[in-house]
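I would like the entire structure built from these sequences, with the hints used as guidance.
Below are the chains, spelled out letter by letter.
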Amino acid sequence: MSGDGTATSWIRTVSRHHLFWPVVALVALWIACGIVSPGFLDIKLVDGHLFGQLVDIARNSVTYMLLALGMCLVIATGGIDLSVGAVMAIALSVSLTYIDGAANGESVSTALTAIALGLAAAAVVGAFNGFLVAGLGIQPFIATMIILVAGRGIALAFTGGQITTTHSAPFKSIGSGFVLGIPTPLVIGGVVFTLVALLVRRTALGMLLESIGINRTASQMAGVRSRNITWLVYVLCGLLAGLAGLVYGAPTMAADANNIGQLMELNAIMAVVIGGTKLDGGKFSLAGTIVGALILTTLDRAVIIFHLPSESKDLFKAIVVIAICIAGSERLRGQLGLRRVPQVPGPPTSPNKPVEVAA
Amino acid sequence: MSQTSASAPVVEMRGITIEFPGVRALDGVDLTLRPGEVHALMGENGAGKSTMIKALTGVYQIDAGTIRVDGAEHRFHGTAQAQVAGISTVYQEVNLCANLSVAENVMLGHEVRVGPFINWPATRRKAREHLALLNLDIDPSSQLGSHSIAVQQLCSIARAMVVQAKVLILDEPTSSLDKAEVAELFTVIRSLRDQGVAILFVSHFLEQVYEISDRMTILRNGKFVGEHLTRELPRLELISQMLGRAGDELAAIEAGAQRVAREDDESRTPLMTALGLGRNGSIEPVDLELFAGEIVGFAGLLGSGRTELARLLYGADKSDSGTLSYAGEPIRSAAPLASLKSGVAYSTEDRKKEGIIADLTVRENIALAIQANRGAWRRIPAKELDEVVARYMTALNVQPPNPNMLIRNLSGGNQQKVLLARWLATSPKLMILDEPTRGIDIGAKAEIQRLVVELAAQGLSVVFISSELEEVLRLSHRLVVLRDRQKIDELANGPEVTSSTVLEIIAASTTEHEEGAA
Chain C
1 MSGDGTATSW
11 IRTVSRHHLF
21 WPVVALVALW
31 IACGIVSPGF
41 LDIKLVDGHL
51 FGQLVDIARN
61 SVTYMLLALG
71 MCLVIATGGI
81 DLSVGAVMAI
91 ALSVSLTYID
101 GAANGESVST
111 ALTAIALGLA
121 AAAVVGAFNG
131 FLVAGLGIQP
141 FIATMIILVA
151 GRGIALAFTG
161 GQITTTHSAP
171 FKSIGSGFVL
181 GIPTPLVIGG
191 VVFTLVALLV
201 RRTALGMLLE
211 SIGINRTASQ
221 MAGVRSRNIT
231 WLVYVLCGLL
241 AGLAGLVYGA
251 PTMAADANNI
261 GQLMELNAIM
271 AVVIGGTKLD
281 GGKFSLAGTI
291 VGALILTTLD
301 RAVIIFHLPS
311 ESKDLFKAIV
321 VIAICIAGSE
331 RLRGQLGLRR
341 VPQVPGPPTS
351 PNKPVEVAA
Chain G
1 MSQTSASAPV
11 VEMRGITIEF
21 PGVRALDGVD
31 LTLRPGEVHA
41 LMGENGAGKS
51 TMIKALTGVY
61 QIDAGTIRVD
71 GAEHRFHGTA
81 QAQVAGISTV
91 YQEVNLCANL
101 SVAENVMLGH
111 EVRVGPFINW
121 PATRRKAREH
131 LALLNLDIDP
141 SSQLGSHSIA
151 VQQLCSIARA
161 MVVQAKVLIL
171 DEPTSSLDKA
181 EVAELFTVIR
191 SLRDQGVAIL
201 FVSHFLEQVY
211 EISDRMTILR
221 NGKFVGEHLT
231 RELPRLELIS
241 QMLGRAGDEL
251 AAIEAGAQRV
261 AREDDESRTP
271 LMTALGLGRN
281 GSIEPVDLEL
291 FAGEIVGFAG
301 LLGSGRTELA
311 RLLYGADKSD
321 SGTLSYAGEP
331 IRSAAPLASL
341 KSGVAYSTED
351 RKKEGIIADL
361 TVRENIALAI
371 QANRGAWRRI
381 PAKELDEVVA
391 RYMTALNVQP
401 PNPNMLIRNL
411 SGGNQQKVLL
421 ARWLATSPKL
431 MILDEPTRGI
441 DIGAKAEIQR
451 LVVELAAQGL
461 SVVFISSELE
471 EVLRLSHRLV
481 VLRDRQKIDE
491 LANGPEVTSS
501 TVLEIIAAST
511 TEHEEGAA
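One line per chain: the protein sequences are C and G, in this order.
Residues 1 to 359, numbered by our numbering, are exactly what the first sequence covers, in order.
Residues 1 to 518, numbered by our numbering, are exactly what the second sequence covers, in order.
Just so you know, these hints were derived from the structure itself, not from any lab.
Only a predicted model underlies this, so the values are computations on that prediction, with no experimental measurement involved.
Errors might be hidden in some of the hints.
Stated by the list, open to error - Among the chain C residues that face chain G by a calculated CB cut under 7 Å, a handful are: (1) Ser211; (2) Asn215; (3) Lys283; (4) Ser285.
Glycine included, every Cβ here is placed at the ideal spot set by N, Cα and C.
Have a look at this one:
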């Protein structure tokens, strides 16, 4: 590689940014999809509504996004929340069961009450997790596993063991409607991201979260209320998981307590990790988490676009995720000489190799 | 001292340069280690000693320069390669597994094997042999954690010798040892030296450096200053080379922090009063009064209960007997946040575990306590924080003066200054300083000592805890003597009080703890 010093150092600075590899991977995936399926990148305005594959991907990613934002904050404190998938099921079951029993399911007030009840149930579960972790000092992995295992039972209790199917146009619209031409879930995702970002970066919450995640003892010695903050974070994570459940289940209006949110906790964790937040806590990246969620959704879509046989689609996703993690690995970059030796800025193509092979 | 100048060097480091983002940590530094010689690496905190060691042990990769071991050039990628080349390190913090047995630790990776299995009796026997070489007679099957830090340190030296190190690096090996243990360690170091091992010794205790080393290399601000035979370099000359300023100036700093006997004023009211304050298994009930403008020194050996008492005063641990009152108000249940809010700050003994937030910046580390005080929601306005950070970084002379550096990249002394800034920013009325000068070079130490005196002059009440009795004596107005987790005496400091006075009090009724097996 030739190039003067400033250009090289610019490349180095950009390539060292924690968002660099995730964004490269996302763009590479989109380009690969665009090559295989012309029109993939098109965005059309039909009847004043945005349509297109990218819009679909963005809308579908909102479930991952909501889960992963909460998960990201929990992970920042050095914890983990395995219950989010089950919380999705609980929140949706509570909401739909209420609508099912309500006199007028189609009224806006019924839908709003249903949403509030679903979110309240999710927050209660989050508070329970927080109590186990922060109050009783149980390891987060074990503490949140309780709801992972028992949560669907709770959801089934609400639905009476049935798959509750009901009708409510206002409720359904949170999953499939449009606001000013933009899909409602996307609006919800945008608003929530903004609120969470404001919450952690405009207040001191973000710094205190990181401080707790990096060194809990030292933080406590400095007067940080690590218990309260940890508790709060689990409540937030529960709340966001509940919202994810509602947005995810609203288009079908069916509360299938056994299946909704299955393995979602792992997807959420993966989105956070792809986004460059380390699992051992401390520094976290909300923007990276959003990119992570988009990558996961794009992969779901790419499997279809590339006509991959269904038995190998998980393998494909795994390869891409591993490639992204490897590209972001500090140690590997050090071994490739990227960290200090300036002359090799490294092939930025390495993460899309699997894509090219697949294409 | 051995005469070895003729023998060929084992390690030759030439023109070593290491850069971190924004800092050149080392700039063309040379270091030569010869077999059968103890070589001291000298310099202030931040001079580049640790970086130099990490370059030699393969933790950091060098940006320029050459490292030759036995004449062959090496470029280490990781500590394993350095170990293969015969370079072993014993760190300040013992880095062995406390929950494994002594034999497992010493022989790790070199167990006696029978096919895929380990022959434990033979392994333990070999471990015992290696320990015996260091005059250490302990049961190899005992748990490592059950031994004193000194014994653990010797175990890690034994481990270094198992891998047949040609070069042994001892990084602040004596900072948590008492006098007898240091003597023990030095015997071992000398015997290793006589076996032809090249030893690199880093310590901030000048006495020890002069006692043990044959030769020294001096660094300042990441640059090579000089290499001298120890016996040819007078102390004052060494200090002025390390500091880059005249020795008398340093003497003036130290003299500025003089002991001042304080006249007792019967009418004054205590800021904090402890009555029978104690905690089971931690410290016996203590009566104590702390006054504004007064420095109270806690004197006692390691493990005497100094830290335990400090933690009770701050509320880091809960007391289970007695009462504590502050400014006339009884404190029901002391806790760090409440203490901070009422004006009590505690700078912890363990900088790494209970002090710094390694992955946050200097700025955030300073902000932490005042932010915790305000709560999570009321973020300190950036401008206000910038001012606070700049003020304290200047006042405490934090190097490098970059608030956005991660604190983990600062030297130990500068980390300590940042922590002091964190506590001072809370505008405390009572400041408890637990080992604020441990592992810190004389320059920074004098600065911190001077600060302590200034704070008291401004009306702060200060509790000063240090393993160095001389330091406690120099600074304190009043001494609280502890032993075996009890307060055994309290006396006003004055010219007639010397370290032997205090040691006599401590030694008055018990024999010291014994060395070796538990």
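Q. Holds or violated: Ser211(C) as interface residue toward chain G, Cβ cutoff 7 Å?
A. holds, 5 Å
Q. Would the hint on Ser285(C) stand, with a C-beta cut-off of 7 Å toward chain G?
A. Because about 13 Å separates Ser285(C) from the closest Cβ in chain G, which is outside the 7 Å limit, the hint is violated.
Q: Would you check whether Lys283(C) satisfies its interface hint, that is, whether its CB is within less than 7 Å of any CB in chain G?
A: holds, 6 Å
Q: Using 7 Å as the Cβ threshold, decide whether Asn215(C) counts as touching chain G.
A: With Cβ-Cβ at 5 Å, under 7 Å, it holds.
Violated hint for the displayed structure: number 4, the only one.
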